[in-house]
Amino acid sequence: MDINGVLGGVDRARGNLPAVIILHNPLLPDPTLLTELIYGLEEEEVLFQLRASNGGAIELAFQAAQGSVLGVGIGIDKELNIVLHHYRLPPGDPLISLFGASQEAARILGNNAARLVKGIPLGNIV
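Mapping of the sequence shown onto this note's numbering: residues 456 to 581, in sequence order.
These are computed hints drawn from the structure, not numbers from a lab. Glycine is no exception: its CB is placed at the ideal position from the N, C-alpha and C atoms. Errors might be hidden in some of the hints.
Stated by the list, open to error - Straight-line Cα separation of at most 20 angstroms, DMTMM-like style, residue types lysine to aspartate or glutamate; simulated pairs:
1. K573 with D485
2. K533 with E498
3. K533 with E514
4. K533 with E491
5. K573 with E498
6. K573 with E514
7. K573 with E497
8. K533 with D485
To be verified - Per label pair, the in silico range of CB-to-CB distance:
9. P484 with R506: 29 to 39 angstroms
10. L472 with A507: 30 to 40 angstroms
11. L482 with G574: 28 to 38 angstroms
12. I575 with L544: 17 to 27 angstroms
13. N509 with F554: 11 to 21 angstroms
14. P576 with N509: 11 to 21 angstroms
15. I575 with L482: 29 to 39 angstroms
16. R543 with P484: 26 to 36 angstroms
17. L472 with E498: 27 to 37 angstroms
18. G574 with P481: 27 to 37 angstroms
19. K573 with P484: 28 to 38 angstroms
Given these sequences and hints, build the entire structure.
The structure is reproduced here in structure tokens:
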């Protein structure tokens, strides 16, 4: 399924605006996890940028955090692993890693990414 067809332009940030960067595999078998993740960010009113890329979730999240003006990045690989990373953490030591994430957990991870940006306490992952 095509991610662009599912999300249809929900990318709310362009260029170098302060935004959480989400690097995702372009061939996600279940795009609803990405949709739920985005809903979590939007609930907290934090901007995001979607970018397609290949690689493992930890690697993608680290790259996303390094490229984000806010220093926060999320990676989703084709196995539907979702990782939240901060630019100050070592490459292989992300803040949150979800392997085989549920839709609810993906939404909460989106909330937590936004909370990290805002500097408020993180919520519990299901």
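The hints, checked one at a time:
1. K573 with D485: 29 angstroms, violated
2. K533 with E498: 25 angstroms, violated
3. K533 with E514: 13 angstroms, holds
4. K533 with E491: 16 angstroms, holds
5. K573 with E498: Between K573 and E498 the Cα gap is close to 13 angstroms, so the pair holds against 20 angstroms.
6. K573 with E514: Outside the cut-off at roughly 24 angstroms; violated.
7. K573 with E497: At roughly 13 angstroms apart (the allowed maximum being 20 angstroms), E497 and K573 satisfy the hint.
8. K533 with D485: Within the cut-off at roughly 9 angstroms; holds.
9. P484 with R506: 29 to 39 angstroms: 19 angstroms, violated
10. L472 with A507: 30 to 40 angstroms: Because 19 angstroms falls outside the window, the suggested range is violated.
11. L482 with G574: 28 to 38 angstroms: 35 angstroms, holds
12. I575 with L544: 17 to 27 angstroms: With a Cβ separation near 18 angstroms, I575 and L544 satisfy 17 to 27 angstroms, so the hint holds.
13. N509 with F554: 11 to 21 angstroms: Check passed, 18 angstroms falls within 11 to 21 angstroms.
14. P576 with N509: 11 to 21 angstroms: At 34 angstroms between Cβs, range violated.
15. I575 with L482: 29 to 39 angstroms: Between I575 and L482, where Cβ atoms are some 34 angstroms apart, the hint holds.
16. R543 with P484: 26 to 36 angstroms: 32 angstroms, holds
17. L472 with E498: 27 to 37 angstroms: Taking Cβ atoms as reference, L472 and E498 lie about 19 angstroms apart, which means the hint is violated.
18. G574 with P481: 27 to 37 angstroms: Since G574 and P481 have Cβ atoms about 32 angstroms apart, the given range 27 to 37 angstroms holds.
19. K573 with P484: 28 to 38 angstroms: 32 angstroms, holds
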